[in-house]
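Colleague: One-letter residues, chain by chain:
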Amino acid sequence: MHNLSVSAISRALAAGDFSSVEITQYLLDRIREEDTAYNSFISLAGDSALEQAAEADLRRSKQSDVPALCGVPFAHKDIFCTENLRTTCGSRMLENFVPPYSATMVEQMRAAGMVLLGKTNMDEFAMGASNETSYFGAVRNPWDTACVPGGSSGGSAAAVAARLVPGASGTDTGGSIRQPASLCGVSGLKPTYGRVSRYGMIAFASSLDQAGPMARSAEDLARLLELMAGFDPKDSTSIDAPVPDYAASLNDSIAGIRLGVPKEYFADGLHAGTAACVEEAIKTFESLGAKVSEVSLQHSRLAVPVYYVVAPAEASTNLSRYDGVRYGYRCADPKDLHDMYTRSRSEGFGEEVKRRILVGTYALSAGYYDAYYRKAQKVRRLIKQDFVENFANVDAIIGPTNPSPTFPLGEKTDDPVAMYMEDIYTIPANLAGLPALSVPAGLVDGKPVGVQLIGNYLEEARLLNLAHQFQLATDWHQLNPLTGGEQ
Amino acid sequence: MSWETVIGLEVHVQLATQSKIFSGASTQFGAEPNTQACAIDLAMPGTLPVFNEAALRMAVMFGLAVDAEIGMESVFDRKNYFYPDLPKGYQISQMDYPIVGRGSVEIALADRTTKTIGITRAHLEEDAGKSLHEDFHGFSGIDLNRAGTPLLEIVSEPEIRSAEEAVAYLKYLHALVRYLDISDGDMSQGSMRCDVNISLRQTGASEFGTRTEIKNVNSFRFVEKAIEVEVERQRDILEDGGIIVQETRLYDADKNETRPMRSKEVANDYRYFPEPDLLPIRIDEAYLTAIRDQLPELPKEKLQRFIEQYALGDYDARLLAAERETAAYFEQVVADCGDAKASANWVIGELSARLNREDLEIANSRVSAAQLARLLQRLADQTLSSKTAKTLFDVLWENGGQDVELVDQLIDEHGFKQVSDSGAIEAMVDTVIADNPQQVENYRSAPPEKRKKMLGFFVGQVMKASQGKANPGQVNQLLNEKL
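So the sequence lines, in the order shown, correspond to chains A and B. Numbered according to the numbering used here, the first sequence spans residues 1256 to 1742. Numbered according to the numbering used here, the second sequence spans residues 3 to 485.
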């Protein structure tokens, strides 16, 4: 039962093969037994999940037109506020924070009858590419538990890969959905900036943060995105555009679709094995009728430095609210206000978060603002312009998701810059606000690698169509880490 | 050595929106602490601001009313600093692209001159909460009811040259926001707050001196006094050859002095940057036109109309048009009695004096406009003399009822009715002439050009004898005949 996809569970529930309570109980038990190996969950919903499942079963028995995913179990990254369910953001700062409200996206999925199993582990405040910065301990990659699952949505990626949940939400600020999807051999989509509401999603870098689905197929991503997406009056940056039926176009032919391969994405630093997988994937697309050409994203080499100015700058002020005054961690026996601020924040935040707060504060400081933040914003526009120009000639851009397969825990923890390079191919889409996804494209030494597709604004349907056609032609997404990479 | 005072004011006006600038919580004053603060005001994780369009509308109204350039694209910025009553650790404000750009207002001064004061800009921002330092042992309390209340910060050019001008400017803004109905302007409740920037320079110098900023001066009177003592302090330092330290100071009304704020209270680097949670505000000409069309008559327009419609002098018209409530009161009196000149004189004279003496707003006047109009009608039809009219005004004031019929009732009850019975007046005139032979003798021997003045004595005596009720016209006429 745990191998069933979101779509398969949906069909089984509709056919009455099993109830939502049954699969929910089954998966809860499975998480309790198996997750000790991965540490992919921070909190389990437990009884409330079973109540939601019972509610979904009742709805299915009474209503004829229930939403397709009613009763399907799901997990949320612990960055999304869930009413009455602890939301930690992977931080000691919010270790005991129980929100009195749910994120808009969480509410939408709940309204569609999806059952929330629990909250997945993540890098602290989504800052990290290996899930090692979590206050609740590192997550382990189901393909090799000595290795990292990627980050920051590493808990969601690992849980989906380990068949603990059929799907989970993630957030992607610089690659945090796509990179762990790549390292864990699952499918993950970062929609257009503003496509999914940010209300109730704990902010890291507001102009880059975007929520999206993670699952084991593009078809599942399509069904999940349809529930997640939509305009939200509570988020001024959300896009007021209708949400298409993403599943409807999955089977469209991709013959004649123009794919651009950015030459900058195949330069130094790309693992040969990863490169080979991506090149193979490109050939597969060609065999399906896609027209492939080389393109240039000439400013993409500046994406990482730009990102590490913009994201920390926004983060440094987004995280100012964690001051020990109203909620969250407060140090013991502060002797005065200054002491309370200093110790609450020093003790409540981990090293990587503090590093980024310092970098961001520096970048916004008087005398440095022009040299760093303003200049970064200018280059950001150039990076976006590269994409805009290319999308006049191609329908989507294809390349590696990240430079190499997963790596051992601890390998990059002392070298932040090496860790930051994990996102070199994913960051440009965040800076430009474009939709992008990663789907499995092969194994290197028994470890999965993903291929990335970047689309034009609001063209999630095209990306999902391409990914689905790719998955009809390949079986990389069906490889199961629990059976040694067999299907 | 003579010194010129240079003053610039930063005035924070709370806008009278129903809900907060970035959340749906109520803005009402005086509720139990933290009962009007929602998840957004508390800066709970994941919450986002949504801009309240009502605040934009009010800011634009203000901008149009001071002939300012309106920012067709204005941008919110984050102003970062830590303070317990600032929940997000930053205040959402506007830095480089404010909603209101350069404008100006014309203020009236006591010497009957006017002066134009430039407005540099006005921008939208959110208010902070309040720290409560009493009633908590070893702690401070935080009340976030006020957090997120919309503020319009109005920054003047450094064109103010005295405490008098500063107060006149402040009063003008106060009246204007009430005219526009965008704030109650209540300084005691903090709806209008003022920071004063002051420097001195030698008369004739073109460079500005080093300034100090006095924070949060919250009444017209304190603004006046704070400026006076700070100017004196700076002058003493400069004349002793010292230098002014650029700093933020507080005005202590009890000691009537300014003193530096503790350095901890002064943040240095706010690290402003564009607020990524809010889109730039874009407005178009149609939006401006719609607001312009709905603007109420502004003080300067009303001033012009009063001069033209009621044939008032510039000074009187300015006094009457300055406050919306005063203007409305005046216009009701005119409408009811028909005599603009008398209405103006009484509102500016008797009524204003009384309101000042009792420190009341005209809205709380104990004599209503309708009553004053009736009183003026009785003066015009000679039921009242100018003396009994003033006494009646006092009686009305003490009585406090708003009923217009009360005017005639009180005239009857108190016997204010003017005596126009010529027989009775003639008898009194005769008595006065008989009782003052020496004065009669003097009058009769005086040259005609001096007589007019001397007649006043006899008129006074007759009026006294009649307890002010005799018709002065008749008294004059009879005396002229009989002397």
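Treat the hints as calculated values from the structure; they're not laboratory data. Keep in mind that a hint or two might mislead.
To be verified - To be clear about the criterion: a stretch of chain A counts as covered by chain B if any three or more of its residues have a C-beta under 8 Å from a C-beta of chain B, and this derived list gives those stretches:
#	stretch
1	1342 to 1355
2	1448 to 1459
3	1480 to 1491
4	1578 to 1587
Stated by the list, open to error - Derived DEER-like restraints, expressed as beta-carbon distance ranges:
#	chain 1	residue 1	chain 2	residue 2	range
5	A	R1341	B	S142	20 to 30 Å
6	A	H1526	B	Y289	35 to 45 Å
7	B	E230	A	R1341	35 to 45 Å
8	A	L1313	B	N218	57 to 67 Å
A virtual CB, placed ideally from N, CA and C, is assigned to each residue, including glycine.
Colleague: A separate judgement is required for each hint: does it hold in the structure or not?
Modeller: Verification of the supplied hints:
1. 1342 to 1355: holds (count 6)
2. 1448 to 1459: With 6 residues close enough to chain B, the hint holds.
3. 1480 to 1491: It holds, with 4 qualifying residues against the three required.
4. 1578 to 1587: Check passed, 4 qualifying residues.
5. A:R1341 x B:S142: 20 to 30 Å: holds, 28 Å
6. A:H1526 x B:Y289: 35 to 45 Å: The hint (35 to 45 Å, Cβ to Cβ) is violated, given that H1526 of chain A and Y289 of chain B are roughly 55 Å apart.
7. B:E230 x A:R1341: 35 to 45 Å: violated, 58 Å
8. A:L1313 x B:N218: 57 to 67 Å: For L1313 of chain A and N218 of chain B the Cβ distance comes to about 59 Å; the hint holds.
Of the numbered hints listed earlier, those contradicted by the structure are 6, 7.
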